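Residue numbers (this note's numbering), protein chains in the order written: chain A, 1 to 131; chain B, 1 to 134; chain C, 1 to 340.
No lab work stands behind these hints: they were computed from the structure.
Quick caveat, the model's predicted, so the values are computed rather than measured.
Any given hint could turn out to be false.
[Said to hold, decoys possible] Straight line, CA to CA, 30 Å or less: simulated DSSO-like cross-link-like pairs of lysine-lysine:
#, chain 1, residue 1, chain 2, residue 2
1, C, Lys80, C, Lys69
2, C, Lys155, C, Lys80
3, C, Lys155, C, Lys59
4, C, Lys277, B, Lys134
5, C, Lys219, C, Lys277
6, B, Lys134, C, Lys197
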Amino acid sequence: MEKIPILKLGDQLLVSIQVDMHDRLALALQDDLTARVVRDKARGVLVDISALEMVDSFIGRMLGTIAAMTRTLGAETVVVGMRPAVAITMVELGLTLRNVRTALNVDAGMELLRASMASEARPGGDDHPAQ
Amino acid sequence: MTILRSETLPLNTDEDLVRLRRAVRARMQECGFSLIDQTKLVTAASELGRNALDYAGGGSARLEILNEGVRTGLRLVVEDSGPGIEDIERALTDGYTTSRGLGLGLGGARRLANEFDIRSAPGAGTRVAATRWK
Amino acid sequence: MARHCSTRDFFRQMPFPPFPYAPKCKQVPRYKVPRYNDRDKLHRTTHGDLAMNDQFASKIAQLLAEDEKTLLEDWLREQKAGASWRPELMPEAELRRQCSEFLSLSSAAARSASLADINEAGWQAVRDFLADIARRRTAAGYTPSETASFVFSLKRPLFARLGAHYGADAAALSAEIWTATALLDRLGLYTTEVYQKARNEVIARQQEEMLELSTPVVKLWEGILALPLIGTLDSARTQVVMENLLQNIVDSGSVVAIIDITGVPTVDTLVAQHLLKAVAAARLMGAQCIISGIRPQIAQTMVHLGVAFDDVVTKATLADALVYAFRQRGLAVSDARLRA
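With the rest of the complex left out, here is chain A (with noise of 0.2 Å):
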């Protein structure tokens, strides 16, 4: 079975899905990417979702699985990239993500990151709550 490409860009991790994953391979990734973040100490994902047309509710489900074993993990994930056809249809659906941090974009999660490890650093620095 192929697995889905996972970066190691500094202590970051970046995960691109390019293609319409079928229920394993989606809890490959989530098996995989905790393993990592484990392996590379890595503080922060990027998962980008900008290839993908469709995000049904396993999909959404193992987003916010992802989010949340990072997060216990000591990471931070943040989901980049998704269409605005596949969000008017979440919503629709009622897939509402709330433990989920997104951005519009690869540089616009990686600012994020940056800033949540920055504040996490900083003395009595808060996390910032989830958007």
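Chain A is already provided as a structure; the job is to place chains B and C on it using the hints.
This is chains B and C only, laid out in the frame that chain A set:
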């Protein structure tokens, strides 16, 4: 109302679900549906197809291109001979799930479709039809 | 009417209301008022004699072919005497050509397809021809009724041929006249449908253009967009506008979008819901929508209708929204004079 074209796809594996999504997308593109319409029905197809896989171990999906007067529609019918749904109303409420899902599939699919019909009874399988009109 | 075919029996066959999706049983047709087609079948079964019906069908096709010359001349005469005769729009030679072609196409179609259903494949050539005529005549300046009269005016000449053919056989003649009039009615109405479809396409295109003109998305600053909405919002327009805004957000990479509804007199629940959905979608994408210009009346109506704007940042004026947006982007406005 006439059915211009009909095709049936099996729904027994993960890959079948991916193929179903692709088929719905392709048919709708051929018919000239807008991107939002396509995304909505493809997502609904994914939800309904997954339900059949998870709860009934599989089923079949039928795609029908409809014509009513001047308007065109695409109807998706997902059928399975699984355990059936005991309380349809409850199943349609958001958040209700008998598995580890989010419980948005059935109600969500209804919101994403222009027309929605569900028939199910314990022991009698389930049949869900979702239609989007152009 | 024969008892086995009363109108009530006909209606009783169709369950009301029908379930469109009955598992494990045949697809049941929706309840519908019988159209010409069905009435035709009704009429035929009253006679109960299929052989006679087949004969009826073939006579009209036969007449259209055999008596074409007479029909053509009578038909032309009928049109010239009628109210829709517009010699200034179409020379007689052209009209003669059109009539002749219609007669030959129709007789071919009548020979190969049912007279009761002009949507069958056999009538395709006739439909295409009528559609072409309808379009050309509309462009030339004929009204849709005048175009339809082109077909209707064939009735009298055709009935005259039928009368000559059947002579004293009143029953057969009346059946044939019914079939002929139903057929020509359908063909004439088809030209009207073509006309309406063309008009609808024009209107739809104009609406789209108007929509694009009336709801521009403007860039106020780097990363800040504004969408000033003017006029009444209906559900369809709001949806299109919101989709457009979201696409603009992606294309420009703007993190803040201000939807200003100062110019919108009333907002109903449906429109409010679309606005809220757009805000939610923008949030999912990683941007923030601010709604500004909510007038006191609209605010009251929203509260009254129970629409919850809690999650959304709302400002009374576009100016307030801009100040908020600057703050979100970490920008501050200072008076240049003070710095000097």
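Verification of the hints:
1. The straight-line distance between the Cα atoms of Lys80(C) and Lys69(C) is roughly 17 Å, inside the 30 Å bound, and the hint therefore holds.
2. With a CA separation close to 14 Å, the supplied pair Lys155(C) and Lys80(C) stays within the 30 Å bound.
3. Under the criterion of a C-alpha separation no larger than 30 Å, the hint pairing Lys155(C) with Lys59(C) is consistent with the structure, at around 15 Å.
4. At roughly 21 Å between alpha-carbon atoms, Lys277(C) and Lys134(B) fall within 30 Å of each other, so this suggested pair holds.
5. Of the supplied pair hints, the one linking Lys219(C) and Lys277(C) holds, its CA atoms being roughly 22 Å apart against a limit of 30 Å.
6. Our distance criterion of 30 Å between C-alpha atoms is met by Lys134(B) and Lys197(C), whose separation comes to about 16 Å.
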